[in-house]
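**Student:** Here is what each chain is made of, one letter per residue.
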Amino acid sequence: MKKIILILVLMGCTALFTGYFYKFDALVQERFQGRLWELPALVYARPLEIYPAMHLVPDLFEKELRLMGYQQTKDQKNLESPGTYARMQNTFDLFCRSFDFGDEQVDKRRIRIRIRNNQVVDVKNAGTGVYREMVRLDPVVIGRFYPSSMEDRVLVTLDRLPSLLGKAIVAVEDRNFYTHHGIDPKSIFRAILVNLKNQNLSQGASTLTQQLAKNFFLTREKSLVRKINEAFMAAALELHFSKEQILEAYINEVYLGQDGKRAIHGFGLAADFYFGKPLADLAPHEMALLVGMLKGPSRYNPRAYPDRSKKRRNLVLTLMADQGLLSPAGLKNALAAPLNVIEKPRFGYSPFPHYLDLAKRQLLKEYNEADLGSMGLRIFTTLDPQVQLAAEQAVAGFLTKRDKHLETGLVVTSRASNEIQALVGGRQSRNGGFNRALDAMRPIGSLVKPAIYFTALDRPDMFTMLTPVSDAPIKIKNSDGSFWEPENYGKKSHGNVNLYQALANSYNISTVRLGMDLGLDAIADTLKKMGHPPKKPWLPSMLLGSIEMSPVQVARIYHTLASGGFFTPARAIRVIYRPDGERLQRYQLSIEQRLDPGAVFLLNKILQGAVSQGTGKSLAGWVSPDLAFAGKTGTSNGLRDSWFAGFSGSRLAVVWIGRDDNHPCGLTGATGALQVFGRLMSTIPNSPLVLAVPGNVEWGIIDPETGMRTDEDCPNAMSVPFIRGSVPEGYRPCSRDSRFREKQETLFPQKLKPGNIINWLKEVFK
Amino acid sequence: MKLFSSVQWIILLIILFFTASCADHRVVSVPRTHLPPEIGSPPPQAGPEMLPQMSKKKPLLPHEKKRPPILDTLIGKARKQLNHSRPEAAFQTLERALNVDGQDPLIWHLMAKARTMQGQYNQAESLAKKSNSLSAGSPSLKKKNWQVIANALEKQGRTQEAAMARVMENSQY
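Protein sequence lines, in the order shown, are assigned to chains L and R. Our numbering applies: residue 1 is where the first sequence begins, and numbers increase by one. Our numbering applies: residue 1001 is where the second sequence begins, and numbers increase by one.
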């Protein structure tokens, strides 16, 4: 009977044990089959690509290096660690970090960049010599999208880990890791003895597997039941997974510090958080410091307790040497090494929250927020940190010491591909908040005028840039029977002017007359083709910019002009990679011809005139006229909004200044936004705006007084572009006394008579 | 010898006067080199010191510019990628090249070719048109662009437009 009871009890215990084990086994399997961690998305700026003859301003470059988390050393001899640089005047020595660009994995390397007169002379690799291709530097991290848990980690795989790290962890935390089955009885026995002696549970005997099980599934509470559960789970883990898989999971899971709300998990992130470089680039003494922290990340926090932390590190180093992981010489060097911990972690906050907001909005069109913060995506944006910093400085430079209610929105894009290079959403742009570059919908004032003049120039049978238009006062009847009487700035009318003068000087009355002749439908259609259809109802006041747009929307329509009539969707993101290195999505350049390049060319010529001679001429106080910027000022009623939109050969920028409460800001486009634009463009490289002449454009030599063709040697003659076939037929010879003659019979009006004997000889003998 | 030389001069002068009489009727095209200033050209005063980049030289038109070596390298790389039927990689290389010089018509032309290889004929057409808008000084490139455009239009079934594009292609020398 006793035997039967014993057998039944044993069977019961076995069933209980088996059931208990299976419960944890199922739990472990389920957890490991899914995604192990919620990985935040990492958002990068564009990687800086350096090549000979590139424009590179040394001070801006150094600012970008600092944003990249590069630490300055005294000279190149002290470049001992990746993520450091030395500057000798305009020569930079960099110890670059290794980096996975997605399409290329680049190892750590030492390079020298020589800059003269803001131009790169050459880029050399310490080992291989001069680079012939572009040298890409690891990009600035501009932010992260976190999971709700705020757990942060950088996933690493064993094949990309320094093997020393795994060995060091095993040596310090669990010497029998490769021989036990999840539980180490010897260690448990030793711990029980110590705990009995001390009458508490202070001594732990957890294996790496048990620690992993605890982190994954259990609380931090120290109790016997939890210990038993931990042991079951560890056994289940060992049953299903290899030692390598368990070690890799441990390295990615373990908690190694706190940064405000953000919990630092895994060695990958810890390497960046404490040393500002990837795990693969860590020196042995740096690995030892992290391994030492496993015992207590807060207690051995090297920033808070450097001495204690160093002592612990040296103990780990000695243990490593005892296990044969370090040579005596290596140990000696490592013990003597400083902690090397960077002062401020790189990822603590986003330096450019408004740009991050822009990128997130683009991503949320295709991904849900939970996935975005947990899939571990690596997102490469188009942000140019040098342009961004210059834009922020330009805003600060202008707004400091002015009305504290003044706000701003600014956007910079590249002219060729319409990549958004910088975005400022307000005067306190580092704090984030209301993103005026995206969300401030304000009347655009005279910025609308190019759409009207394009509509006219696109009808070459009726309009050229010299077509006269009246600037005399006009009354327009509103639908309610009242009258609208547009006025010029300064309340002065200018009689008869031509299209060129009217736009370059931003005359209101002539613009309204022209717009009414063309029809509001036609203007709305042009705006739609440019990239932003105005909302109905279309009222005559639309002709003076009563339409509300955000700076980003204005940039979109002006980019269509800057690109010669080709609409190009703006991009803030280039490419997204999954954590396993697979490319998830690429946002590629696409273009669509929307406007006739010839008419756009004529319009852009006038916009260049608006900057060189018209309402934008104060830009000459900031940038050289050789850059030949094209641009347009805009001011809304009662000086409530100050706008400037302009472009060089390489960049386009739109600036808005105003008040959130819509009170007058007291600034015109020229005295406000243009000044910010000028400050910005004066500090970043720009190439001159050279407008390529489309095939349907020809030139005529014109007497500006009469608007007729004349001789090329006339003192006041000007070269004027026309859409082919629209050069004026009327001809007036140079001499003032000559009788005016109309050359109706001229078949080829673009072809002119030789002006004088010298030119004539040139023609004969050329 | 002296006599012969004088006779030569007299003949030359006669030829000159003869051609001069013709010249009154001869129409002369207007090259963009020795003309009066353009409308809207900046007044001839000196501006502030160029910050921080450009020279005071008159900027060159796109086709007059010497291509920097890095662009040659990138364009060469893109051509190889196209030759190895890797249009996606080529397009990526060319996008990097655009960041060096967005006004180089050859880059846009090669992008159009990449899109043609990928069967994205709409984009191929747009990109070739963009290249054409920058190719004023390069009729041979224009011809190639019209070829791409005609091909893209044919593939899209726009035969009439394609025929016109072929005419444009053949009109380039």
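One thing to keep in mind: the hints can contain errors.
[To be verified] If you want the footprint, here are the derived chain R segments under chain L, 3+ residues with CB under 8 Å:
1) 1088-1096
2) 1121-1134
3) 1156-1165
Keep in mind the hints are simulated off the structure, nothing from the lab. Quantities reported herein were computed from a predicted structural model and do not represent experimental measurements. Every residue gets a Cβ at the ideal spot worked out from N, C-alpha and C, and that includes glycine.
**Student:** Per the coverage rule (Cβ-Cβ under 8 Å, at least three residues), is the region 1156-1165 of chain R covered by chain L?
**Tutor:** violated (count 0)
**Student:** Is the coverage entry for the region 1121-1134 of chain R by chain L consistent with the three-residue Cβ rule at 8 Å?
**Tutor:** Coverage by chain L holds here, the residue count being 8 at a Cβ distance below 8 Å.
**Student:** Count residues of the region 1088-1096 of chain R with a Cβ under 8 Å from any Cβ of chain L, then say if the count reaches three.
**Tutor:** Answer holds; 4 residues pass the 8 Å Cβ test.
In this structure, only the earlier hint numbered 3 is contradicted, and the remaining ones agree with it.
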